[in-house]
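Those protein sequence lines, which keep their order, are chains A and B.
Residue numbers are given in this note's numbering: position 195 of the first sequence equals residue 451, and the series is strictly consecutive.
Residue numbers are given in this note's numbering: position 451 of the second sequence equals residue 442, and the series is strictly consecutive.
Hint data in this document are derived by calculation from the structure and do not stem from the laboratory.
Bear in mind that the values here come from a model prediction, so they are computed numbers and not experimental data.
A few of these clues could be false.
[Said to hold, decoys possible] Okay, derived cross-link-like pairs now, DMTMM-like style, lysine to aspartate or glutamate, Cα gap no bigger than 25 Å in a straight line:
#  : chain 1 : residue 1 : chain 2 : residue 2
1  : A       : Lys303    : A       : Asp288
2  : B       : Lys139    : A       : Asp369
3  : B       : Lys410    : B       : Glu205
4  : B       : Lys426    : B       : Glu318
5  : B       : Lys139    : A       : Glu353
6  : B       : Lys328    : B       : Asp33
7  : B       : Lys410    : B       : Glu389
8  : B       : Lys139    : A       : Asp262
9  : B       : Lys328    : B       : Asp148
10 : A       : Lys268    : A       : Glu344
11 : B       : Lys139    : A       : Glu344
12 : A       : Lys303    : A       : Glu481
[Claimed, not checked] Stretch by stretch, here's where chain B covers chain A in the computed footprint (C-beta under 8 Å, at least three residues):
#  : region
13 : 319 to 333
14 : 429 to 438
15 : 532 to 538
C-beta atoms are modelled at their ideal positions from N, C-alpha and C, and glycine is treated no differently.
The chain contents come next:
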Amino acid sequence: MSERLDVRKTYKLLIDGAFPRSESGRTYEVLDARGAFVANVARASRKDVRDAVRAARAAQPRWWSASAYNRGQVLYRWAEMAESRAGELAAQVAAAEGLDATDARASVGRAVDRLVWYAGWTDKVTQVLGGANPVAGPFFNFSLPVPSGVVAVLAPRDSSLEGFVDAVAAPLCVGNAVVALASETRPLPAVLLGEMSATADLPGGVVNVLTGSLDELAPVLASHEDVDGLDLEGAPDAAGELAALAAATITRVLFPRTGGDASLRRLRAFVETTTVWHTVGQ
Amino acid sequence: MSSRPLANSELGWLAYDPAPESSSLARLAPSYGLFIDGAFTDPGAHQQVPTVNPATEATLATVAHAAAADVDRAVRAARHAYDTVWSVTSGAERAKYLYRIARLIQERARELAVVETLDNGKPIRESRDVDIPLAAAHFFYYAGWADKLEHAGFGADPRPLGVAGQIIPWNFPLLMAAWKLAPALAAGNTCVLKPAETTPLSALILAEILQQAELPPGVVNIVTGDGATGAALVEHPGVDKIAFTGSTEVGRAIQARVAGRATHLTLELGGKGANIVFDDAPIDEMVEGIIDGIFFNQGHVCCAGSRLLVQETVADEVLRRLQRRVEQLRVGDPLDKNTDVGAINSRAQLARIEELVAAGEREGATRYSSSCALPEHGYWFAPTVFTDVSQSHRIAREEIFGPVLSVLTFRTPEEAVAKANNTTYGLACGVWSEKGSRTLWVAQRLRAGVIWANTYNRFDPTSPFGGVRESGFGREGGRPGLAAYLDV
């Protein structure tokens, strides 16, 4: 019995709900953990970054104005999609991270559970981070967490799926739109998860996934004037430099830190506090 | 073709064609056993009691009457499941079970809506748009807490209570089951749920859903029956927590029964909600709010706005518009998608409403009832408004739990607050005004667990619900809703 020849996939960018190749036409070779060729992946350009940020900016108000319950269900749907394609994700995690099949499957399981964890935060973050303030005077005063806006995520270099989920789902669940740059050497699990977002009712532009050169694209994202938050998880070596670029427009910066992944660090990173004073009296 | 006229319409003689939802969607079994330890018992092993459609008086199915021995078996199953499975199941895994239940409710929403309307008598529009979606939302919300309890504000590792005995009323059968089960399971408790005697069916469909979700056996047990079944649950020494929603009279008895025991208790009891209307309120929205406040679910709502407090300067105008709107309410077949007001849930409840309405007339209040035609069979009561009501009248003091509104007037905000608080209850109030500062001033002075401003009868899983004074204690919904099931 002859073995069937598989049909291979072209891995592309996710910008504004569409899957373009890089406008530059460039690609780069992605290798597996043993050094074997896996795929030619799109190498995004400065222009692709700008397109992704524009899409994120346009999509963010609609994402934030959806009810928290609705956002939670959409993120949960994303987890359902990931679970139903867990085998595919595990194969790419195994290839990218050099894990055996069991460990790769376990990593996918943890990533899906993490997504579910964040899905549950959408309608609780206000209750945990916000509250009424007993000011002295005839006022009703309360504070609410609101999203920063557009968050650029430099995804972790090593943890191709779990780390990507943690870095992307946190700003999303509090109402931000995200432009994520996948791990340069291990991008495919992130690309797959991006594809799955398109079947999870995430509005186009809310999540954008780019692949390409960190050195080339990170400064573009860091210095982009329409980026409100910057997660430097995937660029520990250049964090200071990139943070300095971000300072020009007072972009909020999350620095890489190891451990404490169950903390609310990422949830708090890209929210603002809005406080309302209302008079009380006859 | 039969069609029902819309009386007194300014548009002339309008008629609505029937738009019935199909009762065949309900897929009911002829008889049901109890749901204990993950399986249904043999219906033949129990005394069977019919549950009827209050709109037709036809029997829908028969359900088991759980005796004390059955309750004991259910409590022991819950204890065993708590000790061996649920207390060692991680929060993340409990969350995933609850998400499954939420999804299954969403998937079977249409069927559940029909079952609810058949068994309860409420309009399909309400079961479809309120009861069932909110029940799913409640499971979805508390699913998300199961793996985040350390962030809920009760310390680093809050512990569950153990076995919860939960007794729910007939006015929102599935929704009340969700309000009870979702936070209890999220916090790590196991449950014995006792549905109301007249509305057991949606809880039994929920039992099927729990099986489809592969919830471990014994984590939720559902025992149908009457007050005797509930009493057996309350008195069972193996129960760590009693959560009761129902009348203040029964709540009082339950509190007395558990007094001196280590049993935790939360009570969500009756109410006599004041809907306060100031003269600057937006009149059309306000009239709709008054209607929704008292006629939603035939007035079978513990937080119903059953006392209208209207500022004297606008009382005539408000009453005129109110009467016109009442006359337009469509009363009849609950399965009809155009129906506004359905059937009274039971013969006993109808008798209670009739008794209090007769007392209102006897004590000198002026009665106005809709001229709508009522169906020949089933239990019905026309939407009714009483004016010339004084604070001492029974219809101003006692919970009627039916489509009957008592109207009183006031002149100043102080008087409105004083009259609103002149009750032994304290569940919910409404305030209607365009002036936000005054609304907040009034809200600070009302003794009620929930206050709606320029809206009424809004419910959300994230929003705590519950009463003060003789409306009970404890909250359902939101972060406080977890406290009812944690040892904190």
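Hints and how they fare:
no. : hint                   : verdict
1   : Lys303(A) to Asp288(A) : 28 Å, violated
2   : Lys139(B) to Asp369(A) : 13 Å, holds
3   : Lys410(B) to Glu205(B) : 51 Å, violated
4   : Lys426(B) to Glu318(B) : 30 Å, violated
5   : Lys139(B) to Glu353(A) : 29 Å, violated
6   : Lys328(B) to Asp33(B)  : 36 Å, violated
7   : Lys410(B) to Glu389(B) : 14 Å, holds
8   : Lys139(B) to Asp262(A) : 43 Å, violated
9   : Lys328(B) to Asp148(B) : 47 Å, violated
10  : Lys268(A) to Glu344(A) : 16 Å, holds
11  : Lys139(B) to Glu344(A) : 29 Å, violated
12  : Lys303(A) to Glu481(A) : 14 Å, holds
13  : 319 to 333             : holds (count 5)
14  : 429 to 438             : violated (count 0)
15  : 532 to 538             : holds (count 5)
Violated hints for the displayed structure, listed by number in ascending order: 1, 3, 4, 5, 6, 8, 9, 11 and 14.
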